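Chemist: Given next are the chains, with one letter for each unit.
There are 2 protein chains.
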Amino acid sequence: MRIAFQGTSGAYSEGAAQRAWPGIETVACEQFEHVFASVAEGRTSHGLLPIENSIGGSIHRNYDLLLEHDLPIVAETELQVVHHLVALPGTEISQIRRVCSHPQALAQCESFLRSLSNVEIVATYDTAGSARLIQEQNLTDTAAVASARAAEIFGLSVLKAAIQDYRDNITRFLLIARDPQPLGQPDKTSLVFALPNSAGALFKALSVFALRDIDLTKLESRPMRGRPWEYLFYVDLAAGRADVRCGRAIVHLAESARWVKTLGSYARWSEAAMRPFGAEASMDVSTV
Amino acid sequence: MRIAFQGTSGAYSEGAAQRAWPGIETVACEQFEHVFASVAEGRTSHGLLPIENSIGGSIHRNYDLLLEHDLPIVAETELQVVHHLVALPGTEISQIRRVCSHPQALAQCESFLRSLSNVEIVATYDTAGSARLIQEQNLTDTAAVASARAAEIFGLSVLKAAIQDYRDNITRFLLIARDPQPLGQPDKTSLVFALPNSAGALFKALSVFALRDIDLTKLESRPMRGRPWEYLFYVDLAAGRADVRCGRAIVHLAESARWVKTLGSYARWSEAAMRPFGAEASMDVSTV
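Chains as they are written, first to last, in this note's numbering: chain A, 3 to 290; chain B, 3 to 290.
If we strip away everything but chain A, and leave its shape as in the complex, we get:
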């Protein structure tokens, strides 16, 4: 089993994959598009994508890419994000003139970063990549905001630990594959649909779930390209695709929606349900 992720070794996505499915092999990709390509072309069996963060919100690029590709979601996982200020060993905080990281990570550590004086904040494409840059270029005046794992991998020290503004900083990830074979028993389904531009259209769409007592765990709107101020809606339902209510709701939705696409049906993630990868892969696929 090989899981593609976006970023450099030491990225949060890689950490999430290794924690949820211990022993799997991970493959670093430069961009989210490459994660999709890697799975589509069979170079990896799976790809792991961050989809939302409890502070920053959705990673919209991945919602867009899920729609563009036909790679079903087969599992989800979550990771507690703990950002550290990391630098070359022996560096003092007073020597730091530049802090670099991904804009999301920088935003999540805003209070701490504002407390530093005479420091330039630099947005990069990558948390772990910023740590690597410091090692590769031997930057003694630069720190990165990155994970403890990234610091370890690139031989950096933690100057200041747990610098994020909020403790409850959790990222949710989706696992995609070529085959819609879920790991575990699906009790959650992700859909995307487009609605006619008429009054009450969204209300009618949501009625197909409410009338069947299906809970929505997430609703996200995204602009439709080429149609300013029209939206696509991404929803997560607390019901597996094999649940008869779910199937009926989707058929009902299709009556009024312009179109509906199922992005996948998968098991809701829980710490308790964590199992070795192989064990999960062989479970309960008959129900899907």
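None of these hints come from the bench; they were simulated from the model. Among the hints, erroneous ones may be present.
The list makes no distinction among identical chains, and a pair is therefore deemed to hold if it is satisfied within one copy or across any two copies.
[Stated by the list, open to error] SDA-like, lysine to any residue: derived pairs with alpha carbons at most 20 Å apart:
id: 1; residue 1: Lys-263; residue 2: Arg-180
id: 2; residue 1: Lys-220; residue 2: Phe-195
id: 3; residue 1: Lys-162; residue 2: His-254
id: 4; residue 1: Lys-206; residue 2: Thr-219
id: 5; residue 1: Lys-220; residue 2: Pro-230
id: 6; residue 1: Lys-162; residue 2: Leu-197
id: 7; residue 1: Lys-220; residue 2: Gly-92
id: 8; residue 1: Lys-263; residue 2: Met-226
id: 9; residue 1: Lys-220; residue 2: Ser-200
id: 10; residue 1: Lys-220; residue 2: Phe-205
id: 11; residue 1: Lys-220; residue 2: Glu-80
id: 12; residue 1: Lys-206; residue 2: Val-29
id: 13; residue 1: Lys-220; residue 2: Gly-59
id: 14; residue 1: Lys-220; residue 2: Phe-235
id: 15; residue 1: Lys-206; residue 2: Lys-263
id: 16; residue 1: Lys-263; residue 2: Arg-63
id: 17; residue 1: Lys-220; residue 2: Ile-95
id: 18; residue 1: Lys-263; residue 2: Arg-229
id: 19; residue 1: Lys-162; residue 2: Arg-99
id: 20; residue 1: Lys-220; residue 2: His-62
id: 21; residue 1: Lys-220; residue 2: Ile-26
id: 22; residue 1: Lys-263; residue 2: Phe-195
id: 23; residue 1: Lys-162; residue 2: Leu-118
id: 24; residue 1: Lys-206; residue 2: Leu-108
Since the structure is predicted, the reported quantities are computational estimates derived from the model, not experimental observations.
Once you have looked at the hints, place chain B on chain A.
Modeler: Structure of chain B alone, referenced to chain A:
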């Protein structure tokens, strides 16, 4: 009338302000927070904030800040975004080794940027600020993705015009003020509300608008800080606050929502309705 905006002179926000309300004075602010502070502290009468883009989606930071501050929305406006590749006069495209701009602008020009070879793409905090940097540091190997106005202001040439991937690239802006005195006749209202974490809660909330034939022009969910996987909902209603249906719907919503906050009631923007600032400010405030 003084309007604060985020960015450097030549920013799209400044262009939108000057186009919608000709003759007003604009004040550059480094961050969105500073725009809010400028209005709250009376240094400017208004602030203009980008809130969504027809390609990239919502600017979530501003949704969060609207909630944190008590500065009502008094108007909206839209601007067609046209990105150019700009550089020092005399620079050839083949000399360019680095392209810098705001990540949103870079993302909106992805196809074009991928067509360049041996070029590093650098994320910055600002489109116009990237243009200024090229001028200030006389960077002959660097180009920026910025507006024609930014190129003009910083003495740069357009190397390649209209490089954005999609033609229908429009940004919507909200004008905030200390006093809830709208410019023009309000026919649109923005709300934010939190719901109990129960099945069908969002459906019930939307029913208060659907049952009164009030159209939603936008629905956006944002994570609640400190409550992972619970959300706030931001909605735009196609009805002014003085519309009796709107008032009743908000009272009805308050029955089931944990809380509701009105962010402002204002006139839906249209090209046709563009008037000098002073003229709009004196119109129809009696109806609000």
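Chemist: Please list, smallest to largest, the hint numbers that this structure does not respect.
Modeler: Numbers 3, 6, 7, 12, 17, 21, 24, in rising order.
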